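Read top to bottom, the protein sequences are chains A and B.
The opening residue of the first sequence carries number 46 in the numbering used here; numbering runs sequentially from there.
The opening residue of the second sequence carries number 342 in the numbering used here; numbering runs sequentially from there.
Hints were generated in silico from the structure; no laboratory data involved.
Watch out, some of these pointers could steer you wrong.
Now the stretches of chain B that chain A is said to cover, found in silico as 3 or more residues with beta-carbon under 8 Å [said to hold, decoys possible]: (1) 345-355; (2) 378-385; (3) 414-422.
Sample of chain B residues with no beta-carbon within 12 Å of chain A, all distances over it, derived [unchecked claim]: (4) D361; (5) V375; (6) F405; (7) A408.
Per the computed footprint, the stretches of chain A lying under chain B, defined by three or more beta-carbons under 8 Å from a beta-carbon of chain B, are [claimed, not checked]: (8) 90-103; (9) 173-179.
No experiment lies behind these values; they were computed from the predicted model shown.
Virtual Cβ for every residue (Gly too), placed ideally from N, Cα, C.
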Amino acid sequence: MDDKAHLEAEVVALYQEHASELTRYAVGLAHSDDLAADAVQETFLRYFVERSYGRVIENPRAWLYQVLRHYLFERMNSPSSTREVGRDDLSDMSDPGHGPEDLVRRSEIAREIAASLSNRERECLELRSEGFSYGEIADILGIRIGTVGALLARAHQKVRSAAIRTDARDDLIAVAVRHLFHPGEPCRSE
Amino acid sequence: MILDRVHKWDARRAMDGSVDEEVRRHIALALEPVLGPGAVGRILPPPGEASSLLSNAERALTLFLGAKAAAALVSRAMDQATVRI
């Protein structure tokens, strides 16, 4: 296999492994399926381009998130600090496994949490929920590790406060947080 | 679908030598303030040998700036280059 074919195989393997999670992340940031899909394609193309010029990318997953995020904010022509968490994002939480009362309750809690988090806190929490380390989150967002720790601590405190305000059980809070970042996935309150 | 984009870009790069030149120019611009123009000429591979362009640049920048700043600088240079290619 020559270098080009090897590189193509590398991109395809990464695409198969990460495209769906990156698309979900992009939709969450851009609120547009079309823009998200385009951004993900551009991100993988950029990976191929940089690798073609010999770039060594030690952590491809974190690199892809970083480039995708940067690309989206460039395209939206809006700094991350101005992005508002859309309350409407949380209003359509279909979950066929649970009754309407559970759905309404979960939706209320998710709204409460979303409204209390800053954009940076929300992004940190989302990336943490995707399994990234503090160092990787710092690289993706372009901030210091200590700042990531502080943002996550504050986010968790706000989630706990939302739990107290809404008098919700821990499992319901966990489901509500998951729904914040993965609204299309069915959740089970276990 | 991703391979379609990859093949299109690759075909354009093969047909149009200015793609490699544009990337090289932006990387040189990123290196010059740190290393000086003389060193840039020695560090970057000659035009036509682009497959080690970014690894050479990033390695040299890392010595002066550290890995994070070097990576950020190379990424910014590629942002500017890819807008044009």
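Okay, the hints, checked on the actual structure:
{"no.": "1", "hint": "345-355", "result": "holds (count 5)"}
{"no.": "2", "hint": "378-385", "result": "violated (count 0)"}
{"no.": "3", "hint": "414-422", "result": "holds (count 4)"}
{"no.": "4", "hint": "D361", "result": "violated, 8 Å"}
{"no.": "5", "hint": "V375", "result": "holds, 18 Å"}
{"no.": "6", "hint": "F405", "result": "holds, 18 Å"}
{"no.": "7", "hint": "A408", "result": "violated, 9 Å"}
{"no.": "8", "hint": "90-103", "result": "holds (count 10)"}
{"no.": "9", "hint": "173-179", "result": "violated (count 0)"}
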